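**Student:** Given next are the chains, with one letter for each unit.
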Amino acid sequence: MQYPASFLLTSAGAFAATGVDFIATWALFLRFRQVAGWRIGEVAVFYGVIGASFALADALTRGFDVFGEQFVKTGDFDRVLVRPRSTVLQLLGYELRATRVGRLAQALLVGYIGIRLTSITWSWTAWATLLFAVAGGMALFSGILVLQATLAFWTVESLEIGNALTYGGVEAAQYPLDLYARWFRNFLIFVVPLGCVSYFPVAAVLGKADRTGLPAQLLELTPTLGFLFLGFALWVWRYGVRHYTSTGS
Amino acid sequence: MIAGVVRPYHAVFRARFQLLLQYRAAALAGFGTQCWWGAIKVMIFAAFLAGPVASPMTLRQTIDYIWLGQAFLMLLPWSADAELARMVRSGDIAYERLRPVDGYAYWYARAVARRTATPLLRATPMVLLTGVVLPSLGLGKWGLGPPAGVEAALLFVASMALVVALSSAFSTLLDVLVVITLSERGVNILVAPLAIVFSGSLIPLPLLPDWLQPFMQYQPFAGLIDFPFRIYGGHLIGWSAVAALGRQGVWTLILVVLGRAIMRRAMARLETQGG
Numbered sequence: 073m074q075y076p077a078s079f080l081l082t083s084a085g086a087f088a089a090t091g092v093d094f095i096a097t098w099a100l101f102l103r104f105r106q107v108a109g110w111r112i113g114e115v116a117v118f119y120g121v122i123g124a125s126f127a128l129a130d131a132l133t134r135g136f137d138v139f140g141e142q143f144v145k146t147g148d149f150d151r152v153l154v155r156p157r158s159t160v161l162q163l164l165g166y167e168l169r170a171t172r173v174g175r176l177a178q179a180l181l182v183g184y185i186g187i188r189l190t191s192i193t194w195s196w197t198a199w200a201t202l203l204f205a206v207a208g209g210m211a212l213f214s215g216i217l218v219l220q221a222t223l224a225f226w227t228v229e230s231l232e233i234g235n236a237l238t239y240g241g242v243e244a245a246q247y248p249l250d251l252y253a254r255w256f257r258n259f260l261i262f263v264v265p266l267g268c269v270s271y272f273p274v275a276a277v278l279g280k281a282d283r284t285g286l287p288a289q290l291l292e293l294t295p296t297l298g299f300l301f302l303g304f305a306l307w308v309w310r311y312g313v314r315h316y317t318s319t320g321s
Numbered sequence: 070m071i072a073g074v075v076r077p078y079h080a081v082f083r084a085r086f087q088l089l090l091q092y093r094a095a096a097l098a099g100f101g102t103q104c105w106w107g108a109i110k111v112m113i114f115a116a117f118l119a120g121p122v123a124s125p126m127t128l129r130q131t132i133d134y135i136w137l138g139q140a141f142l143m144l145l146p147w148s149a150d151a152e153l154a155r156m157v158r159s160g161d162i163a164y165e166r167l168r169p170v171d172g173y174a175y176w177y178a179r180a181v182a183r184r185t186a187t188p189l190l191r192a193t194p195m196v197l198l199t200g201v202v203l204p205s206l207g208l209g210k211w212g213l214g215p216p217a218g219v220e221a222a223l224l225f226v227a228s229m230a231l232v233v234a235l236s237s238a239f240s241t242l243l244d245v246l247v248v249i250t251l252s253e254r255g256v257n258i259l260v261a262p263l264a265i266v267f268s269g270s271l272i273p274l275p276l277l278p279d280w281l282q283p284f285m286q287y288q289p290f291a292g293l294i295d296f297p298f299r300i301y302g303g304h305l306i307g308w309s310a311v312a313a314l315g316r317q318g319v320w321t322l323i324l325v326v327l328g329r330a331i332m333r334r335a336m337a338r339l340e341t342q343g344g
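So the protein sequences, as listed, match chains X and G.
Note that our numbering has the first sequence beginning at 73, numbered continuously upward.
Note that our numbering has the second sequence beginning at 70, numbered continuously upward.
If we strip away everything but chain G, and leave its shape as in the complex, we get (with noise of 0.2 Å):
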């Protein structure tokens, strides 16, 4: 009889439990993919940079920041707010308009919210992976080395929460333009490939063609990988280092300006689907 009572929740349990495991097992196979990733950019970059061509970037400095980008990963504008997306096709948009708070301050405040708990969760196993593992396994040569100095590790810190700043401007975009066009696969497929080349994820920009430096110093997703990973490895020093921070500042001020414009007026125009 008692087991009659216990085996529904014993029931509830085990399936809760597998639940877990297959959760647990999602995200293990994910943090295997990066480190497959990025083993194979480490020894395709280390083929390339041991060449008799002179490199701009140290071999150090390159491993440090393919496994930096690997490990921030989630930091990029990847795709519009998924929930935003659903309300748009729904009509629940409208809610929106009824909050008492200032819209494009709420939906800024979602994308730092995603943009620092998830990212910095997701970014300790790499982080520890290749910062510590690899090191005591006597393979810190194609590891994750420390910050170029002192110097280097307090601009770092800057940079990065200047990325979050940038990086949930970018998205926050994304989410209004998201609003006019009615559609976010549409804005996803723009922006990943956009995102990917021109924020350095793909390949560092200091590798890309000398003649390209100028527009890629200047351009906004340069500040989402290359200028924090960068200023970490010690290429990117001193007022150098201090001017990317402020491009940095810079382009987040242009963004939310944008995206609180567009938004102004895509509220007042709102189409309401389904509504």
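Pulled out of the complex, with its shape left as it was, chain X reads as follows (with noise of 0.2 Å):
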């Protein structure tokens, strides 16, 4: 942290960045009101949680992402391997980036308006709920960016498909699920299991677990799958570590 000042810029400029992203569809609740019965604060706590979520996920997974294209390429990942701790645990908090700030910064304050526009009844549940939510989340997109760098074995490049399911992932978890098409809704849910960390348990919170067909207490365990997913992740990176071979010495 040695130029605060520039810190602080780059975070407003993350901050406003970001916030373009929530000017649709805070002119959307304004002319049409609501979108499929949901209201615009309980729109605001899905994109709080998941937007935090990413944020936080990138964060602290950077190295990861970057992987492909500084370790592979010049061979330096040799030099991970032969540290003696553990490899991801070298590649989490290579770099804090002052744009996550922002991101997160703005998430949070989204999600803020949004719980203070609806009614939720604040019980331990409803707190344990979505502080669960988040870190399944995090635990989601960091195992999105480790799958991604993973890739980078093969293809030695990072490829787009890890942002669709990053930022896209971002935006389409924004909403509550069921405006969606169904299949799309099961990919959200089975392959990719967004729905999980955001729309059940924060459906669960709100009150409006009847609006997912599913039991309340069920949906607030579901960001169990986040951490599962991110297990898979780190099982297919490490077949991946187990197979590398260098490409620079």
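These are computed hints drawn from the structure, not numbers from a lab.
Being a predicted model, the structure only gives us computed values, none of them experimental.
Glycine included, C-beta positions come from ideal geometry on N, C-alpha and C.
Which stretches of chain G does chain X cover? Using the computed rule of at least three CB atoms under 8 Å from a CB of chain X, they are:
id, region
1, 101-111
2, 114-126
Non-contacting residues of chain X with respect to chain G, defined by C-beta distances greater than 10 Å in every case (computed):
id, residue
3, A177
4, A198
5, K280
6, G285
7, L286
8, L290
9, W307
Not close to chain G: a few residues of chain X, all C-beta gaps over 10 Å, as computed:
id, residue
10, I187
11, N258
12, F262
Dock chain to chain to rebuild the complex, using the hints, since each chain is given by itself in its own frame.
**Tutor:** Here is the structure:
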């Protein structure tokens, strides 16, 4: 943190840039008042939860994101392998960027506004569920980024598919999943479980469990799938490391 | 022995082939991303428009707008010319003054070249997918429909030509600003969100609040996305459409004049870096 002014400026810039994101949602609600029975406060909570999850995951796993370009191409990964600590731990915390702080701040602000606009009964369960949802979301996005980096073993470039799932995933999960076509909703629940770390738990907290057709108690536990996804991603990563042949040495 | 002769060529071929495959893979992945974005937007807008409140644009017009916006995304003045930025950093920009041709016209021509070949190439797969493949699968309702009529189609083509002119004027102005500010990062970071919101790329302009409409229709970015795609869908018709084309033209002229003026001053007081 050598340049606090520059850090603040970059954070502010990221805050504004992600704010642009919410302008469309805000404008649409201003005109149409509601979407599929959901109101702006509720959608703001969905937005805040998934935005915060991604910002946190992004900040922590930056090392994996640039993994393809920097490490594998230059053969630097060999140095990482040689060190006695776990490769995963080293790449974590590779870079904490000001942009992630800006994005996190924006997500939290929108989420807070949403919470103020809705009438949630604040029990311990509600708090725990929200935190569990964010934690599960962090795990899920981290898993996606780890998988993206693992692809670099075979293609030596991080594919844009990773971006589609991270940024696109945030965009999709900002809204309650019952807006989407059935096949898309199922994809977001069973394949890349974004719905389990945003839609399901937040619907339970908002008292809208009946919209999902599942009992609230079950919904509160669904963020577990985010952790399972991360476990799967790490397993794939270890497989890739075992079969890694250096390109540079 | 023959194997020994052939081997290096084989190695080169394989390396090149792999490189091209990766390039294709990246392009394919980029296309996939855009399809994903487009699909999400279509579903979200469809959900909003399905409510009881009346919409200024029909669902058909909105969906066409979204897919066209995705297809022609490259037409927006996203960033200053990367090569020019590099030249500014290295000091080579001084050579630009030595050219016997009009500096601005040369830069403008480069911008136009960037805004015709590539965007057209990248638009084609998207248009084919949403305009041909989806309807053939019976999903035409969610894909790109045909223009709203012959008049709409003709005005659309004219409008797109003006988009190229306008966008090139924008990006040449950005290039000139890069020469002045000596940094392309600042310019790019400012322009992208402005372009996304005010062009209608983020959300069709008519769907923004009513009190913003007069301003939105007269600002320069509107001519990049909003005008041509609303003309296509038949939302902007008759003399209103012609007036919109006029505004595209006027803003192009203003940006060209501005760009030329700033460039003249900038080149005269050129601070050469690394020279």
